[in-house]
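Using the sequences and the hints, build the whole thing.
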Amino acid sequence: TVLVDHTAGQREKELLVCQGFRSHVIDGLILSPIHLETEDLMARTETAPLVLLGEREYEAPYDHIAIDNVAAAR
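In terms of this note's numbering, the sequence shown opens at residue 2 and continues consecutively.
I should point out that these hints are in silico values taken from the structure, not numbers from a laboratory.
The calculated label-pair distances, taken between Cβ atoms and stated as ranges, are:
| hint | residue 1 | residue 2 | range |
| --- | --- | --- | --- |
| 1 | Arg75 | Thr46 | 39 to 47 Å |
| 2 | Gln11 | Arg75 | 28 to 36 Å |
| 3 | Pro50 | Gly10 | 20 to 28 Å |
By construction, the Cβ of each residue, glycine as well, lies at the ideal position given by its N, Cα and C atoms.
Below, the structure written as structure tokens:
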């Protein structure tokens with residue numbers, strides 16, 4: 002099952018998703034946060050695996066996928 006949720010870059014919605022909103026129907030989470038801070042990620046109590054997407058780096062124990070946009074544009 003794949004659940005796609007759009008946060009529209011709203012911090013409140015990003016927090017809901019990060020903290021396990023609808024966790025009863027997911028086995029993992031891929032999140033591209035815009036407004037979350039490292040503290041938000043570290044406060045996460047949900048046990049489903051989390052992978053972060055995006056250029057922003059976090060000091061959190063989650064896998065992170067990023068693209069070097071400058072190098073990719075060359």
